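Asker: Residue numbers (my numbering), protein chains in the order written: chain B, 16 to 291; chain C, 106 to 274.
Hints were generated in silico from the structure; no laboratory data involved.
All values reported here derive from a predicted model rather than from experimental measurement.
Be aware that a few hints might be false.
Selected chain C positions facing chain B (in silico; Cβ < 10 Å) [claimed, not checked]: (1) Pro109; (2) Asp139; (3) Leu232.
A virtual CB, placed ideally from N, CA and C, is assigned to each residue, including glycine.
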Amino acid sequence: MASPRRRGRARITISLLLLSAVLLLTLDSRGSGPVQSARSVVLSVLSPLGSAAATVVNPFRNAWNSAFDQGNLKNENETLREENDRLKGDVTANSIAKEQLQQLLQLVGIPFVGDTPVVHTRVLSGAVGNFGDRIELDKGSNSGIERNMPVVTGEGLIGKVIEVSENRSVVSLLSSGTYRVGFSVVGTAAIGIAQGSGGDGSLRGTNIDSRQAVTVGAITATSGLAGSPFPPNLPIGTITAVRTNEAALESTVDISMFANLNDLVYADVVLWKPAG
Amino acid sequence: MNNPALRYLIVIATAAVLQYTVVTQFRILGVSADLFLLIAIAAGMIGGAERGAIVGFASGLCLDLMVTTPFGLCSISGLVAGVVAGLLEDATMHSARWLTMVIAFLASSAGILSFAIAGNLLGRPDLLSGHLFTILGIVGVASAALVFPALRACRWAGPEDSLLRAAAR
Chain B
16 MASPRRRGRA RITISLLLLS AVLLLTLDSR GSGPVQSARS VVLSVLSPLG
66 SAAATVVNPF RNAWNSAFDQ GNLKNENETL REENDRLKGD VTANSIAKEQ
116 LQQLLQLVGI PFVGDTPVVH TRVLSGAVGN FGDRIELDKG SNSGIERNMP
166 VVTGEGLIGK VIEVSENRSV VSLLSSGTYR VGFSVVGTAA IGIAQGSGGD
216 GSLRGTNIDS RQAVTVGAIT ATSGLAGSPF PPNLPIGTIT AVRTNEAALE
266 STVDISMFAN LNDLVYADVV LWKPAG
Chain C
106 MNNPALRYLI VIATAAVLQY TVVTQFRILG VSADLFLLIA IAAGMIGGAE
156 RGAIVGFASG LCLDLMVTTP FGLCSISGLV AGVVAGLLED ATMHSARWLT
206 MVIAFLASSA GILSFAIAGN LLGRPDLLSG HLFTILGIVG VASAALVFPA
256 LRACRWAGPE DSLLRAAAR
């Protein structure tokens, strides 16, 4: 057992360290500049190491992913095939829903960003921690990338750029829950606000008018309403659950993102900035 | 080079590079091992709660520079993991490999929970989602599996810690 004197000293040390951590949190919450600068410096220092390591580690990572994700991939493949068949049937049967057809077809490829130019990038590394969901891309301001630009894959929206250096940029994933995105439900007039619920590719959509007919399986895309940091019609995901609060005339939904955030290899930065 | 603080800095820097370049590439259900937490736990088990707190705070600070969560959260997480590891190690009457692994699992869980709870208090309710259980399980198992190399690294960093601790017990 430690002596009482040693225990007393340990308590003081631990208390001081806890106070320091609280002080750091307070400084950060007030938007202290040095923290961002320090993070940028660390990013600049580690980026070359990350690039070099990615080349060596990638084959092993691919083997690892195929070993641990094979079951998921099979299930996902089957689900997607079923969904694809169902959507094809819906689309061909319902010629009236031209608007929906157009938006579904946009999901097939990247053209959902329309004429807006994109920068094709490679994902250098995933999130370092298990909570703060972010990825690092191999291009930065030299390619025209700026903070807050949306980032997509061929499947849909994945996040937005939060840090940029000359040749690197860091993306905060939509699933992180650190920001919100306005969405619309394709084929309806329903709009709402979606936010990540912590790392597993699921979002929570709120502020939906309960009088709008929102159903499980419906597709969501960015609404792009005035002031939104995202352009309209970027696919987000499908609705997996709907809960209605009749008293509040409001529905909340669970959204499963189209993009698989666990195995990102390439991503496109949409060179889009909100008007004004 | 015989300065323990300098040696611990080298251990933390090595852990940072390994975490950034290698460990994050290998994920199960989107979760990877956490070397920063592991170093805090190993330091706590070798040097006691105080050493665990200091090393955990420092390694957490290093991780804070690499993530986008509020700055200071990871420091709290590392500090808690180091302290819990030190206290649990103090409370055990004998040492066994399985017990060391259990302590590593429990200490990493304490660190992660403290992170999620503190984050929740700071307005990040997403940190207390269902995904937290996945993180607790996978990081806990990874910490238990990797604790022995981490203990070796910390014994190198603070050779006197082991002796002082043995004498204190």
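Asker: If any of the earlier hints don't hold here, list their numbers in rising order.
Answerer: 1
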